[in-house]
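Need the complex rebuilt from these two chains, each delivered in its own frame; the hints are there to steer you.
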Amino acid sequence: DIQMTQSPSTLSASVGDRVTITCRASQSISSWLAWYQQKPGKAPKLLIYKASSLESGVPSRFSGSGSGTEFTLTISSLQPDDFATYYCQQHRTFGGGTKVEIK
Amino acid sequence: EVQLVQSGAEVKKPGESLKISCKGSGYSFTSYWIGWVRQMPGKGLEWMGIIYPGDSDTRYSPSFQGQVTISADKSISTAYLQWSSLKASDTAMYYCVRQGTRGGYYDSSGYYIDAFDIWGQGTMVTVSS
Numbered sequence: 005d006i007q008m009t010q011s012p013s014t015l016s017a018s019v020g021d022r023v024t025i026t027c028r029a030s031q032s033i034s035s036w037l038a039w040y041q042q043k044p045g046k047a048p049k050l051l052i053y054k055a056s057s058l059e060s061g062v063p064s065r066f067s068g069s070g071s072g073t074e075f076t077l078t079i080s081s082l083q084p085d086d087f088a089t090y091y092c093q094q095h096r097t098f099g100g101g102t103k104v105e106i107k
Numbered sequence: 027e028v029q030l031v032q033s034g035a036e037v038k039k040p041g042e043s044l045k046i047s048c049k050g051s052g053y054s055f056t057s058y059w060i061g062w063v064r065q066m067p068g069k070g071l072e073w074m075g076i077i078y079p080g081d082s083d084t085r086y087s088p089s090f091q092g093q094v095t096i097s098a099d100k101s102i103s104t105a106y107l108q109w110s111s112l113k114a115s116d117t118a119m120y121y122c123v124r125q126g127t128r129g130g131y132y133d134s135s136g137y138y139i140d141a142f143d144i145w146g147q148g149t150m151v152t153v154s155s
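Which chain is which? The protein sequence lines are A and B, in order. Just so we're aligned, residue 5 is where the first sequence starts under this note's numbering, counting upward by one. Just so we're aligned, residue 27 is where the second sequence starts under this note's numbering, counting upward by one.
Bound-form chain B, shown alone (with noise of 0.2 Å):
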């Protein structure tokens, strides 16, 4: 079975620094681009960005360039999300996503663009004092 499993919720203090995971199975983990997505409580969906594992090329969604750090670790199948200095408005769910093969297209920089077709069950993040 195809999935993507995250690590588990996590409660921080602003400030504080933090690393969650995504491990991927069932599939050629360095074959696909796993993403990161955004969710603050009661909203929406944010794409934050991008990697693709087999040689760690990353793009980030301008509204979280530098904000957070997305790597990979293609020898255990994981991808990573991490902050340097947690603030109180980081705290939401944050689900991973495998960018599947669904007939996309490549944008204006030439990266590929297709659906996100299997998701990470999520993991919270609260930050609060």
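Isolated chain A (complex conformation) (with noise of 0.2 Å):
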């Protein structure tokens, strides 16, 4: 079975950072990968599919990128809404999660 690795498992920043987040596949199956972002309490909601596409409503400061096994979740300016776990999956399979905190 595939295996998905998100790096870091927390993160701490301030309001205005460059967050960069992680994830890597134990083989390349596809090219294909989406983010979501989960706040406590909530459910996790969609952010990015097909390793680039926004999701619709989503802000334009979440992007994504990658191919084969590598992938990254950029957040060019964090907001103070942004501070929650984020989570990769591909072939139905999750990453263990990114935590994002405040520094």
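Source of the hints: derived by calculation from the structure; they are not laboratory data. Quick caveat: nothing in here was measured; it's all calculated off a predicted structure. Warning: the hint list may mix true and false statements.
Said to hold, decoys possible - Below are the DSBU-like pairs computed for lysine-lysine, each with C-alpha atoms no more than 30 Å apart in a straight line: (1) 49(B) / 38(B); (2) 43(A) / 107(A); (3) 45(B) / 69(B); (4) 43(A) / 38(B); (5) 46(A) / 113(B); (6) 38(B) / 49(A); (7) 113(B) / 103(A); (8) 113(B) / 38(B); (9) 103(A) / 69(B); (10) 45(B) / 46(A); (11) 113(B) / 49(B); (12) 54(A) / 69(B); (13) 113(B) / 39(B); (14) 45(B) / 43(A); (15) 107(A) / 69(B); (16) 46(A) / 38(B); (17) 54(A) / 103(A); (18) 49(B) / 43(A); (19) 38(B) / 100(B); (20) 103(A) / 43(A); (21) 103(A) / 49(A); (22) 49(B) / 54(A); (23) 103(A) / 100(B); (24) 45(B) / 54(A); (25) 113(B) / 45(B); (26) 46(A) / 69(B); (27) 49(A) / 113(B); (28) 45(B) / 49(A); (29) 39(B) / 54(A); (30) 69(B) / 49(A); (31) 46(A) / 100(B); (32) 49(B) / 46(A); (33) 39(B) / 46(A); (34) 100(B) / 49(A).
Said to hold, decoys possible - The calculated label-pair distances, taken between Cβ atoms and stated as ranges, are: (35) 43(B) / 107(A): 29 to 37 Å; (36) 83(A) / 154(B): 34 to 42 Å; (37) 150(B) / 12(A): 25 to 33 Å; (38) 24(A) / 99(B): 38 to 46 Å; (39) 34(B) / 61(A): 21 to 29 Å; (40) 42(B) / 20(A): 47 to 55 Å.
Backbone N, C-alpha and C define an ideal beta-carbon position, used for all residues, glycine too.
Structure (structure tokens):
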């Protein structure tokens, strides 16, 4: 089975920072990947699909890139609403999550 | 509005059975796969399985095969997740999800894979003696 590894597992950052989260797949199955955001006590929300396509309604400060086995989610200028946990997903397998905390 | 509405929180004892539900509205329920995702307390997301309500074709994650049963009643636009004998380790939040059409792909078995674009609000299941 494919394994998805996210790094870092926790990230401390300040409002306005540029933040990058990495997701690595154990094997190259597809260049398709999705990213989700989850806030405490809430269901996850789709941010990015097909590695780099922004879901409707998601702010443009979020972007995704990558292919093969390495993918990244970038937040260009971190906003207070962005402090949350982020998950990647490929082939129905989720990464372990990256918690973005306030520095 | 497209939405998935799940049944309420449950508190059960080990060995008991349980069936939770997920009702879709605002879209053609029979045209999209519906999946289930587990989130144990303080942990990440785990895909459990998925069903196509149009013909009840179902796939399970190897980790959950034989542990749960996924079903759907297309006449009432509702999907279900059930256990025949709960364990304390089943304590978790369970989300139903709609697999959207975001330019996904077909896996080696010919099953379509895409993003989970709509999420239910979650059903908390607590199993304790």
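Structure-based check of all given hints:
1. 49(B) / 38(B): holds, 22 Å
2. 43(A) / 107(A): Satisfied, since the Cα-Cα distance of roughly 17 Å is no more than 30 Å.
3. 45(B) / 69(B): Given pair residue 45(B), residue 69(B) holds - Cα atoms ~23 Å apart, limit 30 Å.
4. 43(A) / 38(B): Distance of about 27 Å is within 30 Å: holds.
5. 46(A) / 113(B): Holds - the C-alpha atoms of residue 113(B) and residue 46(A) are around 25 Å apart, at most 30 Å.
6. 38(B) / 49(A): holds, 29 Å
7. 113(B) / 103(A): Judged against 30 Å, a Cα distance of about 29 Å means the pair holds.
8. 113(B) / 38(B): holds, 9 Å
9. 103(A) / 69(B): Cα-Cα ~11 Å, so holds.
10. 45(B) / 46(A): holds, 22 Å
11. 113(B) / 49(B): holds, 25 Å
12. 54(A) / 69(B): Distance of about 25 Å is within 30 Å: holds.
13. 113(B) / 39(B): holds, 8 Å
14. 45(B) / 43(A): Holds, at about 27 Å.
15. 107(A) / 69(B): OK: residue 107(A) and residue 69(B) at ~22 Å, within 30 Å.
16. 46(A) / 38(B): This hinted pair holds, its Cα atoms lying about 23 Å apart.
17. 54(A) / 103(A): holds, 22 Å
18. 49(B) / 43(A): holds, 23 Å
19. 38(B) / 100(B): Cα-Cα ~27 Å, so holds.
20. 103(A) / 43(A): Measuring from Cα to Cα gives roughly 10 Å; hence the hint holds.
21. 103(A) / 49(A): holds, 15 Å
22. 49(B) / 54(A): Judged against 30 Å, a Cα distance of about 27 Å means the pair holds.
23. 103(A) / 100(B): violated, 38 Å
24. 45(B) / 54(A): This hinted pair is violated, its Cα atoms lying about 33 Å apart.
25. 113(B) / 45(B): holds, 14 Å
26. 46(A) / 69(B): Holds - the C-alpha atoms of residue 69(B) and residue 46(A) are around 14 Å apart, at most 30 Å.
27. 49(A) / 113(B): holds, 29 Å
28. 45(B) / 49(A): holds, 25 Å
29. 39(B) / 54(A): violated, 42 Å
30. 69(B) / 49(A): With a Cα-Cα distance of about 17 Å, the restraint between residue 69(B) and residue 49(A) holds, given a limit of 30 Å.
31. 46(A) / 100(B): Roughly 27 Å between the alpha carbons, so the hint for residue 46(A) and residue 100(B) holds.
32. 49(B) / 46(A): Holds - the C-alpha atoms of residue 46(A) and residue 49(B) are around 18 Å apart, at most 30 Å.
33. 39(B) / 46(A): holds, 26 Å
34. 100(B) / 49(A): holds, 25 Å
35. 43(B) / 107(A): 29 to 37 Å: Between residue 43(B) and residue 107(A), where Cβ atoms are some 47 Å apart, the hint is violated.
36. 83(A) / 154(B): 34 to 42 Å: For residue 83(A) and residue 154(B) the Cβ distance comes to about 39 Å; the hint holds.
37. 150(B) / 12(A): 25 to 33 Å: holds, 29 Å
38. 24(A) / 99(B): 38 to 46 Å: Check passed, 44 Å falls within 38 to 46 Å.
39. 34(B) / 61(A): 21 to 29 Å: holds, 28 Å
40. 42(B) / 20(A): 47 to 55 Å: Between residue 42(B) and residue 20(A), where Cβ atoms are some 51 Å apart, the hint holds.
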